[in-house]
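Those protein sequences? They're chains A and B, same order as listed. As numbered in my numbering, residues 45 to 270 make up the first sequence, in order. As numbered in my numbering, residues 1178 to 1399 make up the second sequence, in order.
Be a bit skeptical, because a hint or two may be false.
[As the list claims (entries may be wrong)] Estimated spans, in silico, between C-beta atoms of each pair:
1) B:Arg1291 <-> A:Val53: 38 to 48 Å
2) B:Trp1287 <-> A:Ile88: 42 to 52 Å
3) A:Val82 <-> B:Trp1287: 17 to 27 Å
4) B:Phe1196 <-> A:Pro134: 50 to 60 Å
5) A:Glu236 <-> B:Ser1339: 34 to 44 Å
6) B:Trp1285 <-> A:Asn269: 36 to 46 Å
7) A:Arg89 <-> B:Pro1356: 47 to 57 Å
8) B:Trp1287 <-> A:Glu136: 39 to 49 Å
9) B:Arg1382 <-> A:Ala133: 37 to 47 Å
10) B:Ala1359 <-> A:His204: 44 to 54 Å
11) B:Ile1271 <-> A:Arg49: 51 to 61 Å
12) A:Glu136 <-> B:Thr1367: 46 to 56 Å
[To be verified] Simulated coverage check for chain B against chain A, where a stretch passes if three residues somewhere in it have a Cβ under 8 Å from a Cβ of chain A:
13) 1311 to 1321
14) 1325 to 1334
[Unchecked claim] Covered stretches of chain A (chain B as the covering partner; in silico rule of three or more C-beta atoms under 8 Å from a C-beta of chain B):
15) 185 to 199
16) 216 to 227
17) 242 to 255
18) 259 to 267
Hints are computed from structural coordinates only; laboratory data are not their basis. Glycine residues also receive a C-beta, built at the ideal position from the N, C-alpha and C atoms.
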Amino acid sequence: MNVLRIAWVIARKDLVVEMRSRELAYTTLFFAVACVLVFAFAFIRQGRTPEDVAAGILWVALAFSGTMALGRAFERERQAETLRALLLAPVERASIYLGKLAGLLVLMAAVEAVVVPLVALLFDAPLWRAPGLLIALLAAGTLGFAGVGTLFAAMLVRAHSRDVLLPILLYPITVPVMIAGVRGTAAIFAAEPNFDAARAWLSMLVFFDAIFVTMALWVFAPVMNE
Amino acid sequence: MRLATRLLPLLLLVTAVFFIRAPFLIKAAPIESTMGVVQKIFYFHVPAAAATFLGATVCGIASILFLWRRRPMADHVAVSAAELVVTFGVIVLITGPLWARKAWGIWWEWRDVRLTTTFVMWTTFAAYLLLRRFGGPGSNIMAAAFGLFGMALVPIVYQSVSYWNTLHPKATVVRTLPPEMAGPLWWGITAFVLLFTALMIVRVRLEAGRAALEDAYVELED
Chain A
45 MNVLRIAWVI ARKDLVVEMR SRELAYTTLF FAVACVLVFA FAFIRQGRTP
95 EDVAAGILWV ALAFSGTMAL GRAFERERQA ETLRALLLAP VERASIYLGK
145 LAGLLVLMAA VEAVVVPLVA LLFDAPLWRA PGLLIALLAA GTLGFAGVGT
195 LFAAMLVRAH SRDVLLPILL YPITVPVMIA GVRGTAAIFA AEPNFDAARA
245 WLSMLVFFDA IFVTMALWVF APVMNE
Chain B
1178 MRLATRLLPL LLLVTAVFFI RAPFLIKAAP IESTMGVVQK IFYFHVPAAA
1228 ATFLGATVCG IASILFLWRR RPMADHVAVS AAELVVTFGV IVLITGPLWA
1278 RKAWGIWWEW RDVRLTTTFV MWTTFAAYLL LRRFGGPGSN IMAAAFGLFG
1328 MALVPIVYQS VSYWNTLHPK ATVVRTLPPE MAGPLWWGIT AFVLLFTALM
1378 IVRVRLEAGR AALEDAYVEL ED
C-alpha cells in the first residue's frame, strides 16, 4: 500500500470513531461559538459592530477551537494507548501524520461551515462578496494551522502539561498564518474590498503551507521514533 | 570542547577588554543630529540583536543535528543557545522601545518588521525553554523539532510583516551610517559575539556536566 492509501485508512478510522461519538465535533463547535459570543460582548458597542473586527474574530475563534480539537484528537489516542499501536504498525510515519492531518482538516472544515456564517451574521460581514476566495483563504489557513498543530499535538502526547504546552508552542509558530489569514479576510470584508490584496495573501498562505507541511513531514518520523 | 575550555579564560579576558573599551568609543561617536543622545542605545541594541539571531541559528542547526544524529552534545548546544536567545532577546526588547519612544514617539510599532519578528522569535524560544522545563521525559527531542521550526520561522515572519508593510506604506527612518558611527557599532557587535561565545562554552559545559550526573544517578539506581 502506498503512503496516501494508508493515510486515507487512518483518516477514515478517525472519522468513523468521530461519527459514532461526535464528541470532538460538538465540543469544538460549541467552543468556537462560545468564543464568538465572548467577542460579541467584548466588541459590539451600542448595538453596532465596529468595522474590520469580523476577520480577526473569525480567525481567533478558529485558532482557539482548532487548538482544542488538536489536543482532544490526540488525547483520545493516548487514553487507550492506540497511538502506540499506530506507531507499531509497519507503515511509514508520514502516512500516520497525513492521516491524522486529514481527519483534523475534515473536522475543522465542519466547524468552519457553522462558525463562518455565524460570524458573518453577528458581525455584518459580506460573506457572498467573494465566496471562492474566502473558502480558499480558510482552507489554506486551516491547512497551515493544522499542519503544524498535528505534529506538535502528536509529539506532545507523552509530555507533561501538554494541554497548556500545545497553545504555547503552536501560536508563535502560526503567527505568519494568522497574519496572512486575517489580512486576506479583512481585505475581502473591508468597506472597499481589495481582491488583489486578498489573492496576494492567499498565495502567501499557500507558500507557508508548503513550508510547514514539508517540515512537519520531515520532522515527524525522528520525533515519533520512540 | 576541551580546547574551548582551555581557551575560555583568554576569551573572557578579551571579551572584558571589548566591553570596557566600548563605552569610551560610544561616547566618542558623534551625536546624531535629529535623535540626539538617545541614538547611542543603538550601539548596545544592535549588537544584542545580532547575538539573539546568532543564537537562534545555532539552536536551529544543533536541533537538526540532534534530531537525526542523536548526539547529546548537539542537545546541550541547542538548549544553551536557546537560553541565550531569550536572555539577549530581553536586552533587545527593552532597549528597542526605549529608543522608539524617543525617536518615533511610541513604545511599540506593530508594523515594523524588525520589532515584530524579534518579538515572535523571543516568544518562540521562551516557549522552547518552557517545553524543556515542563515537558517531562523526552522533551529534548520535542524541543529539537520545535527549535527547527523556530529557526525557520524567523525569515518567514520577517517576510510576512514586511509584506504587510508594503501593502500599507509607511514612512520609516532611513539611516545611513558614517564611518565614525560604524566603528563603535562593529566594536559592539564583536563584543557581544565574544560574550555569546564565552557564555555558550560555560553553559554547554554546565549542561554536559548535568547530563553526566543524571546518567550516573540512573546507573547507580539500576
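Hints versus structure:
1. A hinted range of 38 to 48 Å holds for the C-beta pair Arg1291 of chain B and Val53 of chain A, which are about 47 Å apart.
2. Taking 42 to 52 Å as the suggested C-beta distance range, the pair Trp1287 of chain B and Ile88 of chain A does not conform, at roughly 24 Å.
3. At about 23 Å, the CB distance of Val82 of chain A to Trp1287 of chain B agrees with the hint of 17 to 27 Å.
4. Checked against the hint of 50 to 60 Å, the pair Phe1196 of chain B and Pro134 of chain A passes, with Cβ atoms roughly 58 Å apart.
5. Checked against the given bound of 34 to 44 Å, the beta carbons of Glu236 of chain A and Ser1339 of chain B, roughly 24 Å apart, lie outside it.
6. Separated by about 42 Å at the C-beta atoms, Trp1285 of chain B and Asn269 of chain A satisfy the suggested range of 36 to 46 Å.
7. Taken as a hint, the range 47 to 57 Å holds for the pair Arg89 of chain A and Pro1356 of chain B, whose Cβ atoms sit roughly 55 Å apart.
8. Between Trp1287 of chain B and Glu136 of chain A, the C-beta spacing of about 42 Å keeps the proposed range 39 to 49 Å intact.
9. For the hinted restraint 37 to 47 Å between Arg1382 of chain B and Ala133 of chain A, the CB-CB distance of approximately 42 Å keeps it satisfied.
10. Distance hint check: the CB atoms of Ala1359 of chain B and His204 of chain A are about 49 Å apart, consistent with the given range 44 to 54 Å.
11. One distance hint, 51 to 61 Å for the beta-carbon pair Ile1271 of chain B and Arg49 of chain A, holds here, with the actual separation near 54 Å.
12. About 48 Å separates the C-beta atoms of Glu136 of chain A and Thr1367 of chain B, a value consistent with the hinted range of 46 to 56 Å.
13. For the region 1311 to 1321 of chain B, the proposed coverage by chain A is satisfied: 9 residues have a C-beta within less than 8 Å of a C-beta in that chain, meeting the threshold of three.
14. Proximity of the region 1325 to 1334 of chain B to chain A, defined as three or more residues with a beta carbon under 8 Å from a beta carbon of that chain, is established by the 7 residues found.
15. Residues of the region 185 to 199 of chain A lying with their CB closer than 8 Å to a CB of chain B number 4, which satisfies the three-residue condition for coverage.
16. With 7 residues having a Cβ less than 8 Å from any Cβ of chain B, the region 216 to 227 of chain A passes the three-residue criterion, so the hint holds.
17. Here the region 242 to 255 of chain A counts 4 residues with a CB under 8 Å from a CB of chain B, which clears the bar of 3, and the coverage holds.
18. Against chain B, the region 259 to 267 of chain A contributes 4 residues with a C-beta closer than 8 Å to a partner C-beta. That satisfies the three-residue criterion, and the hint holds.
The structure shown violates the earlier hints numbered 2, 5.
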